[in-house]
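Visitor: So the sequences go chain by chain: A and B. Residue numbering for the first sequence follows full-length UniProt numbering, starting at 1 and increasing by one per position. Residue numbering for the second sequence follows full-length UniProt numbering, starting at 1 and increasing by one per position.
Simulated from the structure, these hints should not be mistaken for laboratory data. None of these values were measured; they are calculated from a predicted model. One thing to keep in mind: the hints can contain errors.
One copy or any two copies: either way a pair holds, since identical chains are not told apart in the list.
[To be verified] Think about it this way: if two alpha-carbon atoms lie no more than 20 Å apart in a straight line, the pair counts; the simulated DMTMM-like pairs of lysine to aspartate or glutamate are: (1) Lys348 to Asp543; (2) Lys32 to Asp506; (3) Lys32 to Asp544; (4) Lys583 to Asp353; (5) Lys583 to Glu467; (6) Lys264 to Asp25; (7) Lys583 to Glu536; (8) Lys32 to Asp185; (9) Lys609 to Asp436; (10) Lys583 to Glu612.
Number of protein chains: 2
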Amino acid sequence: MGGSADANGAGSVRVPVPPARPFLDTFRGNLKETFFPDDPFRGVVRERGAGRRTVAALRYFFPFLEWAPAYALSTFKSDLIAGITIASLAIPQGISYAKLANLPPVLGLYSSFVPPLVYALMGSSKDLAVGTVAVASLLISSMLGSEVSPTENPVLYLHLAFTATFFAGVFQASLGLLRLGFIVDLLSHATIVGFMAGAATVVCLQQLKGMLGLVHFTTSTDVVSVMESVFSQTHQWRWESVLLGCGFLFFLLVTRFISKRRPKLFWISAAAPLTSVVLGSVLVYLTHAENHGIEVIGYLKKGLNPPSVTSLQFSPPYMMLALKTGIITGVIALAEGIAVGRSFAMFKNYHIDGNKEMIAIGTMNVLGSLTSCYLTTGPFSRSAVNYNAGCRTAMSNVVMSLAVMVTLLFLTPLFHYTPLVVLSAIIVSAMLGLVDFGAALHLWRVDKVDFCVCAGAYLGVVFGSVEVGLVVAVAVSLLRVLLFVARPRTTVLGNIPGTMVYRRMDQYAAAQTVPGVLVLRVDAPVYFANASYLRERISRWIDDEEERTKSQGEMGVRYVVLDMGAIGSIDTSGTSMLDELNKSLDRRGMQIVLANPGSEIMKKLDSSKVLEQIGHEWVFPTVGEAVASCDYVLHSHKPGMAKDSAAAHESMV
Amino acid sequence: MGGSADANGAGSVRVPVPPARPFLDTFRGNLKETFFPDDPFRGVVRERGAGRRTVAALRYFFPFLEWAPAYALSTFKSDLIAGITIASLAIPQGISYAKLANLPPVLGLYSSFVPPLVYALMGSSKDLAVGTVAVASLLISSMLGSEVSPTENPVLYLHLAFTATFFAGVFQASLGLLRLGFIVDLLSHATIVGFMAGAATVVCLQQLKGMLGLVHFTTSTDVVSVMESVFSQTHQWRWESVLLGCGFLFFLLVTRFISKRRPKLFWISAAAPLTSVVLGSVLVYLTHAENHGIEVIGYLKKGLNPPSVTSLQFSPPYMMLALKTGIITGVIALAEGIAVGRSFAMFKNYHIDGNKEMIAIGTMNVLGSLTSCYLTTGPFSRSAVNYNAGCRTAMSNVVMSLAVMVTLLFLTPLFHYTPLVVLSAIIVSAMLGLVDFGAALHLWRVDKVDFCVCAGAYLGVVFGSVEVGLVVAVAVSLLRVLLFVARPRTTVLGNIPGTMVYRRMDQYAAAQTVPGVLVLRVDAPVYFANASYLRERISRWIDDEEERTKSQGEMGVRYVVLDMGAIGSIDTSGTSMLDELNKSLDRRGMQIVLANPGSEIMKKLDSSKVLEQIGHEWVFPTVGEAVASCDYVLHSHKPGMAKDSAAAHESMV
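In isolation and in its complexed conformation, chain A is listed as follows (with noise of 0.2 Å):
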């Protein structure tokens, strides 16, 4: 150590108080950076001429225009595989799904028709398999059922879900439009594996009313109060249900479990559901077994989607009901889609545009919704199948689509005789796909946090309600976020021998202490949330530092030194707390320094005058600079005198 300054580290530059900038400027930049990180116009705006400029905001809207212009014939082969083999799996999938709304089962064929059509023309994503989701289905029939019977009330509960779909359209392009994403941000990785597995497991709950032929049946989704209804009626327990169930069950899992093995033969488990259905509906055609307690889907109508703009209901009593139901799903439903779009962006490297995509899936529910579809995603079982089966553009949305059409027109007859419990068996085998047992087990490893958070929302999904899970996971993410910011960590950086560079001395063994100095390092920014009990740990580390170097016969301590690399930012109660601290060490005889403040620290130092408190010259860029100053004053001073010292250190700076 010793020696001055300017022979070692960044020597002459002095750390700069940045020049004031309009109030209004400041404000458009942080605007900007919250809002448009991405800078999503940028294509747009560096055209030239308000023509190209429509076609270029055209192709931002609508990245279809993208590529379909230079769409080949060899494209079109690969998307027409993935486009079949996804309609195999849409079709079966979207009338179990329906099942579980407590919807018509014909719906679920219905919103598969239209809003992939919309997806294929808005959505930027190349793999994304549009198509309803279980755990939206789930939350709508939960949701909705509370307040409306699906049996006594069947239309107005039709029309509400209509209105949900509706309203958790618009909720979703609105974020978009608003540049809001983050929110869906708030649903951490580990929030979405608990509650995947949360929601898994209640569905999977649901299923047992199907599986056993029970014609009674909770309409509450815990837990307790499942095993509840299922226990008490045993003798109603249908023996031909449940082995027709469990063959079906079994034979989806050994195809999910071939296919999982080898992930050429794709195809088997994607083709196994249309496959039970044919099955089962053959079987029980031939034995006539809906006779014998095997319950069947029934008269399914022929026919497109009718219009279902008038069943709208923004009337007081429900509307209330459906926004509240449309937004919880709404955001769930945004949280897979744009998950799925961009874990399979990522594989093919290519860019996915957050905000984009929620237009996109807002727009394809609220066209949805007007054309009796319910709320519709990009679910992430389907749109693996559509990768593996080598999809190459939006265009097998369009193909599945073509294939569900045909299936409306002239095919729907076929379910009459499908038996429900197959459904139920299809349901269960897609749900098992959703427990992630790695992924938590990997929480667990890495961040005891996260894996709380996980806990928290399988526990509160399958104990309490759905909306229980979301609340309690979000409310632990969030806690984290503030205790981090609450609780700041503190830690003692100790010079690295031979070098200008100080660290952290719980981290690095090889960091010593520079006698008479301490050097503090705080790991958060400054805000009133925190400032106090900085203003405390502080105090308690000098104290510590005093003790060990009176126990030791060393130097006390005379300068400590802030690290405030790691500060990212402060307020007017941090800048008080560093204003108290600098006159309570004052009063001790300790002199402040800081070390390396960003320019947005030195701006609020100085402009609340405790720049001009600590003193300039007592600002460093480096750690080892403000070190080395100090070391050059105790060296060439007496002991006690450092105070004094700041003329003679001022000539040497």
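Model the placement of chain B on the given structure of chain A, informed by the hints.
Guide: Below, chain B without anything else, positioned relative to chain A:
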């Protein structure tokens, strides 16, 4: 630049992966740092033997045991003067605030008798003067008054006030016992400035009733309702009342002005309220003004506090109201008490333990609620007088308490003719001291967000209600913290020529980029809330840099160095983000390099296998070394071979 890493910086020191610690150890450590950051029981644990530890624990909970044994006569002389001074302020203020809370005036005297005695035993501040406060009084009257009318059902209202005080005390003490003192920190300085100014405005508006001599008045506190109420009955205004009120207000403001100009004359403004009361009473007695529209206090019961244990209401209909009122008023009162205690402790350079103070204030309110007192805390104005009068220990509270006792026993009849309008004048003059324009201006100059918090609190209180103001201010404050985490700043670092130091390019004009290397710094923890933002923002920095280098014909980006020094924490979404970033850079033929990650970060990168993916050889303790290594590879091999040269690089380190 250039040269091998060994020649510069930290040389052969590697960034270590901290050894795994048992989960419970880490957990216990975190718990201690979160809830016992000040290590309060250090003094107790250090003692040996059960007896000595008991004594130390008693001393911890009853700080008077520390100063009482050595209490000297000279100290008592100071405390006596201070005690009598604050008593002369406490008596008129106590009566005024009790009127403000719509409670019997004598309660203000009761509340200045028992609680100060309790605080003298348990409190650790030497300067806090205990008493009732205007804001909490107003809150009690507006919250309780919204459901129970103080004029129609005065007994129930009174009992609810005791119950609310009881709950407030229990809540305050529990916060302290459960070490949750940081909840009070959520009320930032900015919030309190705005809130206090708003409350002062509202309280002053309420005094229009007394000043104008109105009989009917709105129960709402917002400015619109009050103005409507005042101007709808202009014919009811009493000139006698207005004249008397304005006269005394002028007198009080003049004395305040004098004392502010010459702090030595503090006793002038301290004695002014009592003088006003005496003058006003004599005036009314002589002129029989009580028959000419001047309302007087009337009969005040003689005698000490009656017990009120049996008055507490723990039965359903009103208990929730009392509980809610208690919690809100309790937090507000606590915030004021703690802030006052801390400020004066700082002036005199002694330490205040926030959690211990909460226990003291809580206990004083619980015992107060059992002896006919309502909510008390440490008001700023009274404590400032106490401090200026030269108090030395909490004995000044005992003296004040005894003076109030004498008043209660013998002097209450003297207040019979005290006009209410004088009390209003006393309240208004005290309230004007709560409006701190200077502080608001300071907030605007230093931090616009804090100013918004302050303005939000003010406008919320004035146009909505006290609760609305609080909710707005706390919500804006928390939003700021979340936004800081959700939109962390990322900046490009450049080399300060002639050194190994890297600093922000936008802050240091001297900083220069290194060809082929992009150094980025992230200023916040990497959490679920910002992981996807960071991924996109970092890609944009790289795209921008690629574009710039291409247009200037320089070498493209081959290495992306992430300065992780300011990343205080990371969760699993963060580690996944780094993993994805690494993979996508890999595909673009770039290498990610990490500089200066903390031990927690290293641990998580290791346990999530991301470190393995990136390669431990690409992690450096300083940015300087990281860039030096990249530079070495770039200059000793052909460009474009960066990825292949990892082996060569390894041999160098």
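Visitor: Between Lys583 and Glu467, at a C-alpha cutoff of 20 Å, which is it: within one copy, between copies, both, or neither?
Guide: Answer is neither: 50 Å inside a copy and 35 Å across each miss the 20 Å cutoff.
Visitor: Given identical chains, is Lys583 near Glu612, meaning Cα to Cα at most 20 Å, within a copy, between copies, both, or neither?
Guide: within (12 Å within a copy, 47 Å between copies)
Visitor: If the cut is 20 Å between Cα atoms, do Lys583 and Asp353 qualify within a copy, between copies, both or neither?
Guide: between (50 Å within a copy, 19 Å between copies)
Visitor: Using 20 Å as the alpha-carbon threshold, which applies to Lys264 and Asp25: within, between, both, or neither?
Guide: neither (56 Å within a copy, 47 Å between copies)
Visitor: Evaluate Lys348 and Asp543 at a C-alpha cut-off of 20 Å and name the case that applies: within, between, both or neither.
Guide: Classified as between; 18 Å across copies, 56 Å inside a copy.
Visitor: Treating 20 Å as the Cα threshold, decide for Lys583 and Glu536: within, between, both or neither.
Guide: within (14 Å within a copy, 43 Å between copies)
Visitor: Between copies, within a copy, both or neither: which fits Lys32 and Asp506 at Cα up to 20 Å?
Guide: Between copies only: 17 Å across chains, 39 Å inside a chain, cut-off 20 Å.
Visitor: Using 20 Å as the alpha carbon limit, work out where Lys32 and Asp544 are close: within a copy, between copies, both or neither.
Guide: between (45 Å within a copy, 16 Å between copies)
Visitor: Classify it for me, Lys32 with Asp185: is the Cα-Cα distance of at most 20 Å met within a copy, between copies, both or neither?
Guide: Within one copy, since 18 Å is at most 20 Å while 31 Å is not.
Visitor: Within, between, both or neither: how does the pair Lys609, Asp436 come out at a Cα-Cα threshold of 20 Å?
Guide: between (55 Å within a copy, 18 Å between copies)
Violated hints for the displayed structure, listed by number in ascending order: 5, 6.
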